[in-house]
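> Here are the chains, one letter per residue:
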Amino acid sequence: MALNLTLRVWRQARPEATGRFETYEATDISEDSSFLEMLDVVNERLSDDGEEPIAFDHDCREGICGSCGVVINGRPHGPLERTTTCQLHMRHFTSGDTITIEPWRASAFPVLRDLVVDRSTLDGIVQAGGYVTAPTGAARDANSILVPKSASDTAMDAAECIGCGACVAACPNGAAQLFTAAKVSHLNLLPQGQPERWSRVSDMVDRMEDYFGSCTNYTECEAACPKGISVDFIAMMNKDYLKARFKDRRRQGQSG
Amino acid sequence: MQPSKSERGVRIPLLRKPGAIPGMWALEFYRSNVGKKAVMAISGIPLLLYVFVHMLGNLKLYQGAEEINAYAEWLRFIAYPGLPEGGAVWALRVVLIVSFALHIHAAVSLTIANRKARPQGYQSKREYAVASYAARTMRWSGVIVGVFVVYHILHFTTGHAHQDFIEHDVYHNMVTAFSSYPVSAVYIVANLLLGLHIYHGAWSLFQSLGWNNRRFNPWRRSFATAFAAIIVIGNISFPIAVLTGIVD
Ligand code: FES
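Quick note, the sequences are listed as chains A and B, same order.
Following my numbering, the numbering of the first sequence begins with 1 at its first residue and continues without gaps.
Following my numbering, the numbering of the second sequence begins with 1001 at its first residue and continues without gaps.
Simulated from the structure, these hints should not be mistaken for laboratory data.
Note that beta-carbon positions come from the ideal geometry of N, C-alpha and C, so glycine has one too.
Heads up, a few of these hints could be off.
[Claimed, not checked] Listed next, the in silico EDC-like pairs over lysine to aspartate or glutamate satisfying Cα-Cα at most 16 Å (straight line): (1) B:LYS1005 <-> A:ASP157; (2) A:LYS227 <-> A:ASP157; (3) B:LYS1017 <-> A:ASP206.
[Stated by the list, open to error] Listed next, the stretches of chain A that the computed footprint assigns to chain B, with coverage defined by at least 3 CB atoms under 8 Å from CB atoms of chain B: (4) 83–93; (5) 136–150; (6) 215–229.
[Said to hold, decoys possible] Rough simulated footprint, nothing fancy, chain B against chain A, three-plus residues with beta-carbon under 8 Å: (7) 52–61; (8) 73–79; (9) 199–210; (10) 240–247.
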């Protein structure tokens, strides 16, 4: 069955330009196409008509890179749980629907063009502390560093974060707590992450707070996350941050 | 210094002034939003304990005039003469005033920062997927309960807002006040909002302080719900008891 849809899409030519919604008729869309493939079809028709195609971010189209992401009818990545925009299929919509498509909204995510936002503030958070300084050298033997099973499982849950920014987009406060907590926790849980454990959490939270809002425990982020990252990680990050502040104080005292 | 331009050359607003406050550990801690949320949670704890004890104490209304007035008298003379009359009560009031001040200051500054962090919302109708009504209305319930507390103090502590106030006659003051429907309505509405505030706050504080453990996480929700319910039921029972003549 083919779908006939009405799209209301945010169009904005440049970061400084004022944007507006444009309405497009998306007719004869295959149910089996993904949301991005639907936009591809619309774009091809726009190009044929000599119009500017709708700009959107995408890369892997298999839900693992975190490039894609638009707000569909008020929900980041659309109505389905644990699903990125590229993995959302048109069969979840009905013919005759009007779909509103907007970019992520946060002051830390300026719109570059149409549905594409600049998410380099997230990269900034990772640069501030999302690394280990231990020399890693060649690949180690599997069990040369012992990791408790529960720690590795939880760290893997955190490491699932693909950095798409849906958590920020979903947060009424424009907070990046879930992203930062996932990135902090996935290293802070592992033995390799211990040397920088306290400076990591301080530095990453500090960088986050330069650009993003704060957490009021709405848990909208968890609901929007295509990887189902739990807000438990936010609590872990808060705990480590509070501890780090006390430890830093001791260190400052020692260095005079 | 943090870049205020992204790698792609787009201006990104800094939400706070850069720069640490060397040597001022407490200020530096409070400068951070995570720190402010911790302050919000910690300052909420004495307030929670207080409303609980306050509600329990008022249950003495059901034991009659003598009991509740004797209880009020006892409160004024805790550790007397080691402490002057009302000493213990004032010590508690100082804790509550400081908690209130910190709680409100943190809430206001976080709200201002959060508005800046998301200047533009979405055009589509549905903005919330899971956030509870209580969570979304914290700022309103907080402001209204704050105003109510001022009224409540003028009403029952100082007597300025009371028509027929007799100092130290708690029983008389409560019964005459709650005989009025509008006054009772104010108390009932304010306590329902207090319950809403506690329903989110008493859960949220665990997250803000990082008290998270898969074994007790489900209990955090139950605790907050039960706490809110107990406070609301206890407190609104007083005006209802007076209005229905159970207490007169
Ligand atoms: S395009 Fe890679 S996650 Fe959607």
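> All hints, please: hold or fail.
To see whether the hints hold, each was checked on the structure:
no. : hint                   : result
1   : B:LYS1005 <-> A:ASP157 : violated (32 Å)
2   : A:LYS227 <-> A:ASP157  : holds (9 Å)
3   : B:LYS1017 <-> A:ASP206 : holds (12 Å)
4   : 83–93                  : violated (count 0)
5   : 136–150                : violated (count 0)
6   : 215–229                : holds (count 9)
7   : 52–61                  : violated (count 0)
8   : 73–79                  : holds (count 3)
9   : 199–210                : holds (count 5)
10  : 240–247                : holds (count 4)
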